[in-house]
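All chains, full assembly: derive it from the sequences and hints.
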Amino acid sequence: MKYFLRAVFLLPLFLCLPSGAAETPREIIARAVVSTDAVTQRTLVSSLMGQGEEVIPELLTAWRSDAIFLYKTDSATIPVVLSGDKDAAGAQVATRVDNGQPLQDAAGQPLRIVGKDYKTADHTSALRRAMKAVLDIVDLVSPNRTKRLQAVQTIGQAQDASKIAVLEARLPLETDPHVQRALREALALIRLKDANEAVKLAALVELKELSTLSSSDFLKKFLTEAEAQKNATLIAATKSALHSVETHRDVVDFLGTIFRGLSLGSILLVLALGLAITFGLMGVINMAHGEMIAVGAYTTYLVQNIFGTGIVIPFFGLSLGIPGMNLSGWAYQFYFVAAIPLSFLMAALVGIGLERSIIQWLYRRPLESLLATWGVSVVLQQIFKLMFGSNNVQVSSPVYLSGNWTVNDIIFGWNRVFVIGFALMIVFGVWLVLTRTSLGLLIRAVMQNRGMASCMGVRTERVNMLTFGLGSGLAGLAGAFLSQIGNVGPSMGQNYIVDCFMTVVVGGVGNLPGTVISAFSIGLTDQALQQILLDPVIGKILVLLAIILFLQWRPAGLFVTRSRSLED
Amino acid sequence: MSAASSRKIEFIAVAVIATFLIVGLPLLNAYGFVDNFWINVWGKYLCFALLAISVDLLWGYTGLLSLGQSMFFALGGYMLGMHLMLMIGEEGVYAKAGKNPELLPDFMVFLGHTFLPAFWRPFYSFGFSALMVVLVPGLLALAFGFLAFRSRIKGVYFSILTQALTYGAALLFFRNSMLMGGNNGFTDFKFILGSDLRTGATQRGLFIATAVTLLIVYLLIRWLSHTKFGLVQRAIRDGENRVLFSGYATAHFKLFIFTLSAAIASVGGALYVPQVGGINPSVMTPEKSLEAVVWVAVGGRGTLLGPILGAIVINALKTWATVRYPDYWLIILGGLFILVVLFLPGGLVSLPKRLAPLWKKFRAPAAPTASTPAV
Numbered sequence: 012m013k014y015f016l017r018a019v020f021l022l023p024l025f026l027c028l029p030s031g032a033a034e035t036p037r038e039i040i041a042r043a044v045v046s047t048d049a050v051t052q053r054t055l056v057s058s059l060m061g062q063g064e065e066v067i068p069e070l071l072t073a074w075r076s077d078a079i080f081l082y083k084t085d086s087a088t089i090p091v092v093l094s095g096d097k098d099a100a101g102a103q104v105a106t107r108v109d110n111g112q113p114l115q116d117a118a119g120q121p122l123r124i125v126g127k128d129y130k131t132a133d134h135t136s137a138l139r140r141a142m143k144a145v146l147d148i149v150d151l152v153s154p155n156r157t158k159r160l161q162a163v164q165t166i167g168q169a170q171d172a173s174k175i176a177v178l179e180a181r182l183p184l185e186t187d188p189h190v191q192r193a194l195r196e197a198l199a200l201i202r203l204k205d206a207n208e209a210v211k212l213a214a215l216v217e218l219k220e221l222s223t224l225s226s227s228d229f230l231k232k233f234l235t236e237a238e239a240q241k242n243a244t245l246i247a248a249t250k251s252a253l254h255s256v257e258t259h260r261d262v263v264d265f266l267g268t269i270f271r272g273l274s275l276g277s278i279l280l281v282l283a284l285g286l287a288i289t290f291g292l293m294g295v296i297n298m299a300h301g302e303m304i305a306v307g308a309y310t311t312y313l314v315q316n317i318f319g320t321g322i323v324i325p326f327f328g329l330s331l332g333i334p335g336m337n338l339s340g341w342a343y344q345f346y347f348v349a350a351i352p353l354s355f356l357m358a359a360l361v362g363i364g365l366e367r368s369i370i371q372w373l374y375r376r377p378l379e380s381l382l383a384t385w386g387v388s389v390v391l392q393q394i395f396k397l398m399f400g401s402n403n404v405q406v407s408s409p410v411y412l413s414g415n416w417t418v419n420d421i422i423f424g425w426n427r428v429f430v431i432g433f434a435l436m437i438v439f440g441v442w443l444v445l446t447r448t449s450l451g452l453l454i455r456a457v458m459q460n461r462g463m464a465s466c467m468g469v470r471t472e473r474v475n476m477l478t479f480g481l482g483s484g485l486a487g488l489a490g491a492f493l494s495q496i497g498n499v500g501p502s503m504g505q506n507y508i509v510d511c512f513m514t515v516v517v518g519g520v521g522n523l524p525g526t527v528i529s530a531f532s533i534g535l536t537d538q539a540l541q542q543i544l545l546d547p548v549i550g551k552i553l554v555l556l557a558i559i560l561f562l563q564w565r566p567a568g569l570f571v572t573r574s575r576s577l578e579d
Numbered sequence: 007m008s009a010a011s012s013r014k015i016e017f018i019a020v021a022v023i024a025t026f027l028i029v030g031l032p033l034l035n036a037y038g039f040v041d042n043f044w045i046n047v048w049g050k051y052l053c054f055a056l057l058a059i060s061v062d063l064l065w066g067y068t069g070l071l072s073l074g075q076s077m078f079f080a081l082g083g084y085m086l087g088m089h090l091m092l093m094i095g096e097e098g099v100y101a102k103a104g105k106n107p108e109l110l111p112d113f114m115v116f117l118g119h120t121f122l123p124a125f126w127r128p129f130y131s132f133g134f135s136a137l138m139v140v141l142v143p144g145l146l147a148l149a150f151g152f153l154a155f156r157s158r159i160k161g162v163y164f165s166i167l168t169q170a171l172t173y174g175a176a177l178l179f180f181r182n183s184m185l186m187g188g189n190n191g192f193t194d195f196k197f198i199l200g201s202d203l204r205t206g207a208t209q210r211g212l213f214i215a216t217a218v219t220l221l222i223v224y225l226l227i228r229w230l231s232h233t234k235f236g237l238v239q240r241a242i243r244d245g246e247n248r249v250l251f252s253g254y255a256t257a258h259f260k261l262f263i264f265t266l267s268a269a270i271a272s273v274g275g276a277l278y279v280p281q282v283g284g285i286n287p288s289v290m291t292p293e294k295s296l297e298a299v300v301w302v303a304v305g306g307r308g309t310l311l312g313p314i315l316g317a318i319v320i321n322a323l324k325t326w327a328t329v330r331y332p333d334y335w336l337i338i339l340g341g342l343f344i345l346v347v348l349f350l351p352g353g354l355v356s357l358p359k360r361l362a363p364l365w366k367k368f369r370a371p372a373a374p375t376a377s378t379p380a381v
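Residue numbers (the working numbering), protein chains in the order written: chain X, 12 to 579; chain P, 7 to 381.
No wet-lab data here; the hints were simulated from the structure.
Beta carbons: idealized from backbone N, C-alpha and C, even for Gly.
Heads up, none of these hints are tricks.
Pairs of lysine-lysine residues, derived as BS3-like cross-links and limited to a Cα-Cα distance of at most 30 Å, are as follows:
| no. | chain 1 | residue 1 | chain 2 | residue 2 |
| --- | --- | --- | --- | --- |
| 1 | P | Lys102 | P | Lys196 |
| 2 | P | Lys359 | P | Lys234 |
| 3 | X | Lys241 | X | Lys231 |
| 4 | X | Lys219 | X | Lys158 |
| 5 | P | Lys324 | X | Lys396 |
| 6 | X | Lys232 | X | Lys250 |
| 7 | X | Lys396 | P | Lys50 |
| 8 | X | Lys551 | P | Lys160 |
| 9 | X | Lys219 | X | Lys232 |
| 10 | X | Lys158 | X | Lys231 |
| 11 | P | Lys196 | P | Lys324 |
| 12 | P | Lys294 | X | Lys551 |
| 13 | P | Lys294 | X | Lys396 |
| 14 | X | Lys219 | X | Lys204 |
| 15 | X | Lys204 | X | Lys250 |
Listed next, the stretches of chain P that the computed footprint assigns to chain X, with coverage defined by at least 3 CB atoms under 8 Å from CB atoms of chain X:
| no. | stretch |
| --- | --- |
| 16 | 160-172 |
| 17 | 177-190 |
| 18 | 298-305 |
| 19 | 339-351 |
Some chain P residues near chain X, calculated using beta-carbon distances under 10 Å:
| no. | residue |
| --- | --- |
| 20 | Trp65 |
| 21 | Arg156 |
| 22 | Ser157 |
| 23 | Glu293 |
| 24 | Asp333 |
What follows is the structure, given as structure tokens:
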């Protein structure tokens, strides 16, 4: 890959350099600066045309703004750039233009020079024009792909006809397909301004074929112009191009919505999975489930700080940090890997504590357990506020989660892709635990018939405790994910708790496949309605209404665990 | 204590408290012994007591934990609030500045509306608004209850669904395009039925109205719980399937109770708005419903006095604690709630009964030992 890239970058360089291939841009510029003949200077500068190395704009700009100086020794004239502050003697550090090294004296020591040692390098207006021509397209040939893409797009959107030649020259040389597309788009956009109708038509055909989202505004503008001129052929061609762009936009929006819906669904899924298990097993709706999310998210925040600057524990005056870790270290990027299991553990521990201290006394009174856990939720929220402040805390995404893939204009954020993938892994893991381990066997036994399981010697108390820990831990995991996507604050759990309950109720209590299906359908419906109505709130209300109506049709959810018992 | 004597005690207690609230406090206020501020605060408590009764009617008497009562409460408030907004008239900020020729509510002018939307117009009439206070929440409860009880949604599911409904309604009312004032809701009222809301006399009148309403609702529920209807209601709480199989259409009973309690909550809200001087969607959130449930649980559910006592005690505690310990108030509330649920399921009302054996033991420490030798 590396060699390939290098070849790509070098290719234009070889193709565009008729002379002096052995010379570096620095050397060429140095030679031009020293040269006394204006024509030679221009030729040398123009020979840089089409090269993209970053040193070229740097040095040429310096030259134009009188920041390159000529340092005369007895034998030669050396062009230099000055840097650093002047010392007491008024001397500055000088860097040679031809090789970028510091200027040295005969003994090889860095040489500091003062004003009388050098004079400013001159430039004529013709030379400045030549420099500007080079500078104009320097980004077009930059080795950096993003820079090239941006340069092309800027030129295209300016619709400057004088740039056509440059772009056309660049088109066959460009090897990156994205930049190539952008070049074609830019050319077509510029040609829309052409006087000749045939050229305009050809440009429209090209734009139709490309169907880029960015061309839509230009096409619309062009359409109004064409309509003003009452030119039927142009109107038809523009409309056809616009239609093609809009179809493309619809496809992009549609797939983007599905993607966002899936990622929202995955979060709901991880959240609801925990709730479904605890509710299915114990008939306890845990109103503090949302706060377990916050526990997970705050754990992620703490781990991030431990990996970074360290944290201070106010009560004991302790500070906790890992020696040698800091915000810029490579290890900092891996805080999230450590945060995932820790957030699970932390939330599981809080959950087990909650179960032991409060919920275990209320198994016979499910409605009251709902109330007691609400009390817990209020207390926990206030504790978060006191510990971390009532504002949101900052959790940064590690590098490997903060980029995105753009496939055919659809943006796939890595964090969302990660969430979807991880949610599927968690579902698989939970399924494994429930069906392939002895704990899972016990959980299912207690779920189906608590009394009977107890008679067979299952320690239902202990199973309750572990299950509650598992459910809370899953909420903690969801919190770790949410810290990458949304805000982390004391009442973050409240934003998800209603959705989460809905997911469980729609899916059918204690039913894994039901929960999976309902989480994804709620996530998708929510995002789809947002996209269609362009209004998240109305979308949310409609989803809630849809769920209430759905329960008319299936009061016990998608999948019902059937039993002969009347009271459940 | 015999049943008759306990009824007598209850009658005397209620009569004394009611007389004090309806006659005593306003008189003290009129002669300057009680500050206007406290009349206002107590008026608020009594409105909350109405809300608590509506929760208790459902949860304590019928076994339905509705988390939607705050929505009905707020809806009632909004209905009367619409009337009060229109009564501001020329006293509004924009109207005074001469920028409001149509005399629209200020928030509408702020949002750039130039005429009054059609659904606002009938609210110029106080009678219509008062009717809507009962009708709108009542009809909403009827429709939702019909759907919910028809498909036999009960227990925790009912709670979750009512919570979702309230959440949705709050989201709706937070929007400006709903034309109900958005985030800020209604505020800055000036007149009710021609009298100035900013005077002590009007506030005193509202306080008396609230206390009378509370007494009427109390008597109504007391009467209802002693009829056969009340018996069926409690039977549904204790064993719905048995009632169903005995041939009672439990869904109809529940629907009636749900609608009635929505109307009670709504009346409470309508009385709350002019006394507090505003309403906004944050009153509508599910958390407020849960808070009302806390009042009932602390006071004692399934009793008549419990919710009233709970609403007053908790809110008085809140008034005190939010000033003294603003950071810890929620921890106190949550902790108190957990403790009550765990250790005092009967609430404050059950305290005398629970303390009675202890009191007896304290009075006659030797008595138990005297009776044991028989074993």
